[in-house]
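Asker: Counting along the sequence shown from 1, when you hit position 244 you're at 244 in our numbering, and nothing is skipped either side.
It cannot be assumed that every hint is accurate.
List time: in silico DSS-like cross-link candidates among lysine-lysine, alpha-carbon distance up to 25 angstroms [to be verified]:
| no. | residue 1 | residue 2 |
| --- | --- | --- |
| 1 | 72 | 91 |
| 2 | 337 | 51 |
| 3 | 215 | 316 |
| 4 | 351 | 51 |
| 5 | 131 | 72 |
| 6 | 221 | 351 |
| 7 | 50 | 10 |
| 8 | 173 | 285 |
| 9 | 362 | 55 |
| 10 | 362 | 10 |
| 11 | 2 | 337 |
| 12 | 10 | 304 |
| 13 | 362 | 92 |
| 14 | 50 | 341 |
| 15 | 316 | 351 |
| 16 | 173 | 18 |
| 17 | 18 | 351 |
| 18 | 285 | 221 |
| 19 | 316 | 221 |
| 20 | 341 | 131 |
| 21 | 215 | 50 |
| 22 | 51 | 10 |
Simulated from the structure, these hints should not be mistaken for lab results. Just so it is clear, the structure is predicted and the values come from calculations on it, not from any experiment.
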Amino acid sequence: MKQYHQHLQKILDYGTWKEAARPGMPRTLSLFGYQFEHNLSDGFPLLTSKKMYWKGVVAELLWFLNGDTNIKTLIDQGVNIWNGDAYNWYKKTVNRLSNERVEPPFDLLLDDPNTNSLRLLTEAEFVDWIKCGQLPSDGGYVLGDCGYQYGKVWTDWQSTGLNQIERVINSLKSDPTGRRHIVTAVDPINDQNLALYWCHSLFQFNCRPLSFEDKLQWVMKNTDVELENLAITERAYADDVPNWYLDCQLYQRSADAFLGEPFNIASYALLTHIIARICGMIPGKFIHSFGDSHLYENHIEAAKEQLSREFRPLPKLDFSEEFNTAIAALKDGIDLKDLFKHLTVNDFIIKNYNPHPAIVAKLSTGI
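Input sequences plus hints: build the corresponding full structure.
Answerer: Take a look at the structure:
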């Protein structure tokens, strides 16, 4: 994807060095304020200059949409992208509970025969306990939870039951030309109550009308039988022909340009496709706006290797028959939780994906 490569190059050419954001992390080459856009009709923006982890992209997005914040759902699918952050949150939670109690009766700790005292789980033990379904809790914390993370903010704002995803879908259907189709992840009241401060902090949808010529093109592309010119023209006025393109703009206050950003691009492109299908619209543009985008010092050479590779054609996104059936059955006012709850990674199919090999780089989570 050319736009992404241009962004990487811009960081390398014009970025400024910043010290580590947290202990245990490398310093960064950072660029503030950048934007690019991709027309989703040009192909699905899953990078081809390195192989992307598509299963992880889909599993994480469904995790968010279902309002889930415990990594057990991801671990059960073999997706481990949140393990480090969840483990750091576990350690911080235990320390907080220790400070609140004189003699904490933790079931989140293990006996250490060497010191005759309790100790923290190692990260490997932490993950194994979750895999085995052992989810002890203490002080309101359940092992593996990430706190007030995206799924919570998106679907249960400040524990009021307000589902921002459902609300934005309803607003798109009822008032396509509105300017309030916004979902926010940043909640200052709870900004200390989560594993990782929200990086992709706000997204907004916009609807653009299809011209009559666009509708004709849609009919010719999506009609199985051959139609005469007059029939095509009449078909373009049918109620099931989309009237709107759906654009999505993401504001990302902080972006790990090598590992995180490609993941976010694919995730929000997928989200745009899903919302467009629910609303009977056509995926339009994905616009990515950045606050601080950065390359970690230990990712510089990997980024240069990626920039040396040639682009390959972008793949196409397709949907399972089960997904298509579920979308066709949707009616206004349906509880969307029922839809998202039954979706799986197998409902989203990437076709004609021929990327270069993956480039291994360490994820920086700090402590």
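Asker: Taking each numbered hint in turn, which are not upheld by the structure, reported in ascending numerical order?
Answerer: Numbers 2, 11, 14, 16, 17 and 21, in rising order.
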